[in-house]
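**Student:** Protein chains in written order, with the numbering used here: chain A, 1 to 311; chain B, 1 to 613.
It is possible that part of the hints are untrue.
[Said to hold, decoys possible] Straight line, CA to CA, 30 Å or less: simulated DSSO-like cross-link-like pairs of lysine-lysine: (1) A/Lys47 with A/Lys262; (2) A/Lys262 with A/Lys214; (3) A/Lys64 with B/Lys62; (4) A/Lys47 with A/Lys60; (5) A/Lys65 with B/Lys62; (6) B/Lys62 with A/Lys47.
[Said to hold, decoys possible] Label-pair distances were calculated between CB atoms; the ranges are: (7) A/Gly54 with B/Leu90: 41 to 49 Å; (8) B/Gly402 with A/Lys199: 23 to 31 Å; (9) B/Leu90 with A/Asn286: 36 to 44 Å.
Hints in this document: simulated from the structure, not taken from any laboratory. We put the CB at the ideal spot given by N, CA and C, even for glycine.
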Amino acid sequence: MKKLFTIFLSGILMIGGVVGLAACSGEKNITVVAREQGSGTREAFDKVVTDGNGNYLEMKVEGKKVYKTTSNADIQKETGNVMSKVASDKNAIGYISLGSVNDTIKVVNVNGVAPSAQTVLDGSYEIQRPFVVMTSANVALTDVAADFLLYLKSDLVEEHASEAGCIYLADPAKRANEGEVEIPVVEYEVKSSLPSGGKIVVNGSTSMEKFIKKAMSGYASLYGRTADQLFTLDLQGSSVGKIAVQNDRNGNVIGLSSASVKEDGINSFNVCLDAVAVILNKANENVNNLTIAQLYDIFSGKITKFSEIVG
Amino acid sequence: MNTTKIKEKTGQTIFTVAAVICVIAVAAIFVFMLIKSIPALNNLGLFDFIFGDNWSPDRLDKYDSATLSGSYGILKMIVGTLAATIGALLIGGTLGYFTAVFIAFYCPKKLKKIFSSMVNLLAGIPSVVYGFFGIVFLLPLLANFAPNNGSGLLATSLILGIMIMPTVVSLSKTSLEAVPRSYYEGALALGSTHSQAVFGTVTKAAKSGVTASLVLGIGRALGETMAVVMVAGNSVAYPDSFFNSFRVLTANIVMEMGYAGEVQQGALVATGVILLVFVLIVNVIFSAISKKAVKGMVEKKGIFAKFFKKKEQTKKNKFWTKIQDGTATLKYKMKTASIGAGVSIGAGIFSGAVLLLVVGFIFVKGFPTLISSPHLLFGKYEFDSEKITILPSIITTLMTVGLSLIIAVPIGICTAIFLNEYAKKNNFFIKIIRGAIDLLNGVPSIVYGLFGMITFVALIGGTSSILAGTLTISIMLLPTIVRSTEESLKSVQDSLREGSLALGAGKVRTIFKIVLPSALPGIMSAIILSMGRVIAESAPFIYTMGSVISATPTGYLDSNATLAVALYRLSGEGWYVNEAYATAVVLIILVLGLNLLAELIAGKLNKKLQGDK
Chain A
1 MKKLFTIFLS
11 GILMIGGVVG
21 LAACSGEKNI
31 TVVAREQGSG
41 TREAFDKVVT
51 DGNGNYLEMK
61 VEGKKVYKTT
71 SNADIQKETG
81 NVMSKVASDK
91 NAIGYISLGS
101 VNDTIKVVNV
111 NGVAPSAQTV
121 LDGSYEIQRP
131 FVVMTSANVA
141 LTDVAADFLL
151 YLKSDLVEEH
161 ASEAGCIYLA
171 DPAKRANEGE
181 VEIPVVEYEV
191 KSSLPSGGKI
201 VVNGSTSMEK
211 FIKKAMSGYA
221 SLYGRTADQL
231 FTLDLQGSSV
241 GKIAVQNDRN
251 GNVIGLSSAS
261 VKEDGINSFN
271 VCLDAVAVIL
281 NKANENVNNL
291 TIAQLYDIFS
301 GKITKFSEIV
311 G
Chain B
1 MNTTKIKEKT
11 GQTIFTVAAV
21 ICVIAVAAIF
31 VFMLIKSIPA
41 LNNLGLFDFI
51 FGDNWSPDRL
61 DKYDSATLSG
71 SYGILKMIVG
81 TLAATIGALL
91 IGGTLGYFTA
101 VFIAFYCPKK
111 LKKIFSSMVN
121 LLAGIPSVVY
131 GFFGIVFLLP
141 LLANFAPNNG
151 SGLLATSLIL
161 GIMIMPTVVS
171 LSKTSLEAVP
181 RSYYEGALAL
191 GSTHSQAVFG
201 TVTKAAKSGV
211 TASLVLGIGR
221 ALGETMAVVM
231 VAGNSVAYPD
241 SFFNSFRVLT
251 ANIVMEMGYA
261 GEVQQGALVA
271 TGVILLVFVL
281 IVNVIFSAIS
291 KKAVKGMVEK
301 KGIFAKFFKK
311 KEQTKKNKFW
321 TKIQDGTATL
331 KYKMKTASIG
341 AGVSIGAGIF
351 SGAVLLLVVG
361 FIFVKGFPTL
371 ISSPHLLFGK
381 YEFDSEKITI
391 LPSIITTLMT
401 VGLSLIIAVP
411 IGICTAIFLN
421 EYAKKNNFFI
431 KIIRGAIDLL
441 NGVPSIVYGL
451 FGMITFVALI
461 GGTSSILAGT
471 LTISIMLLPT
481 IVRSTEESLK
491 SVQDSLREGS
501 LALGAGKVRT
511 IFKIVLPSAL
521 PGIMSAIILS
531 MGRVIAESAP
541 FIYTMGSVIS
551 ATPTGYLDSN
561 ATLAVALYRL
571 SGEGWYVNEA
581 YATAVVLIIL
591 VLGLNLLAEL
601 IAGKLNKKLQ
611 GDK
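Chain A with its partners taken away, still in its complex shape (with noise of 0.2 Å):
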């Protein structure tokens, strides 16, 4: 039994050395976090993101798809966990949706710029992407699936946007993809009963819940139903709700992606804006304006502490 205390007192022992040793080293390295390659918040960060050389966070080199962020970086794969990282840790760096942000975390301006309605609108907070809604082109959309799809394009859901947090889109030529016929907004009629057709399959990204659960209620509550008497909700990010849209052969799947869409079979537009907001850890009181430039050298590993960022 006298030996087994030893061990367990010099095991004690090596511990709180490793502890007092650790105690003493100097700053810490930035903890970047990151969502994962293929979400569509990463994407619209990835793609604006540049060092002003022509170097990108993702971009194109002879064909082949490179991506610059940092090895070191720590990758999650929901916003919330994203957000309780950076929550937790002092030195650490992350990148939401405008619309969850919430006061665990502060968000930094971005080119002097701080995230907002207008500055997304006006295009001077620069990153940004589309919501988007979608449906099938190859089949007819059940009577009750096509309404919805015209509440969707009227001003009611602007509404609904701003308690989702994100920036409704009113001008036709930015709902439609650069370069293709505009999409206007519509005024949409109540009808005298609920369209026909069995319930509605809600499919996508899942940064748009919010959204589309406020427009889902408020177009149930037209006709006196709630919600879930009208629609099937699941969400497993934009690729699933595209691959639901192009199965689709009744006619009932509204497909949502949190990045723009052009595939063929699939009739789209953009219904919001989203910011992606840098957010920074509560106690890091010295950081509140980054460059894109900065960030790029941040997010590939370039600067690794934030006492080398200057003002």
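Using the hints, position chain B against chain A.
**Tutor:** Okay, now just chain B, sitting in the frame of chain A:
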């Protein structure tokens, strides 16, 4: 034909059919995985896929496009998976083995029951909870002396180690206790102390069972997804230090499946195939090792004895040899006795402490929310309200547990009976079946999820449903139930069977009246573990059952989130951290309740059995 004969025939047919169903399930998964991955492997090239260390997918890549713009090489993830599994095995395997020895031989009788159920409880804690615990407790702790925020290989190994420990403990314990008492008594009679008898004789006799438990542990470590995703960091990089972001194969699948394009999706399924190959290799190596171990045991008497004997021969100085001899004997004795015992007791206490820490931490954080917002538990579901209710998820979970046990337990037990009572031990096909079942056990849960998504979801009508999720998890439960039932059937002594047969009972009658009752405690513990698994799993459900908490399900065709998936969603969204803690508390209470219930049943049956004797 008389009734006995009909009974015998029917019994045998049922057991055989169950085994066939098991085989079909195994085959279906492999066939599906291969079919789905062949186009991707064809396109990418098997060698480049496995040994390429650049993973830069492009979700716009299609099979018919001339050149791929993305790169799909998984070498870094393979290395990551290997490193994390080895780390987990070092921590969890060692801890689990010694804890099992502690429970079986050193634990005071009164504590033994409590300890066993505590370990079962640990097995039932969902991986999401472990991951969450990792984020909020372990990472900040490690960050004190790590150059980064603590995530990386060490954190992953620790969390995985804790997770596989219960698997190792409960199976090792079963096989340790199955060693005939006479071995132990014989050792004592030859002059061994208690510890020497335990470490010199009993543990060696239980080697095959212990090895099996380690195989299951490795399977779990290889297949674990959610908890790893939360603490590994997940960058596509080599795990070149204890604290560096890295990614494992399962994480690759679950991270990117939701957003994957055509080629990327094929590459992810192929990733699953590689995982499968790993499990196969591990199984083959381990069965070889355990066979060797059994052979070698007879020849040498412990590694230490051999080691010191060699040294003795080379040294000529008599006095020196004497001292050497003395220390050698002393060391050997100490090794087997005091240190072995010490480590076991230490491991037992440590395991208990870890459990208390995980559970205690979550209770302290989650209980206040649970008390202060009754809406969470009993509230009516409102579609877009900020008020979260998990009542629908609780009901969904119970529905899933119920139906999956109804499907998996009879098939699993019947298959085990077929394998142990009817099949010829050395039959080639039986060996294949057994190997396939072991392999099935190591198939990562996320792969089951993909399988269910393509087969069951498609069959049932294209949308995810509780039924599809339940069928998926039922297949997943089969290997656990078969393997554990087989172990406990094996531990029933042949003399009981022979006695019954000699008294004129038929084989089926013997199985139901003699063998099964004797093996019942082991089977019960397998069912407990299965229940825990259904409640704990989230990866197989996300793509089959749905991942959004919706209104209380009205039937098995509705889609909904189980509690664990709900917890994953809640903790993932970040706005509902308190609710997530509370959900974790509910999950733990549920597992505890089920465990107590199952234990009560097992206890009653045991008593009844003893009464019958």
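**Student:** For every hint, state whether the structure bears it out.
**Tutor:** Each hint, compared with the structure:
no., hint, verdict
1, A/Lys47 with A/Lys262, "holds (17 Å)"
2, A/Lys262 with A/Lys214, "holds (26 Å)"
3, A/Lys64 with B/Lys62, "holds (14 Å)"
4, A/Lys47 with A/Lys60, "holds (11 Å)"
5, A/Lys65 with B/Lys62, "holds (14 Å)"
6, B/Lys62 with A/Lys47, "holds (21 Å)"
7, A/Gly54 with B/Leu90: 41 to 49 Å, "holds (47 Å)"
8, B/Gly402 with A/Lys199: 23 to 31 Å, "holds (26 Å)"
9, B/Leu90 with A/Asn286: 36 to 44 Å, "holds (41 Å)"
Comparing the model with each numbered hint stated earlier shows that all of them hold.
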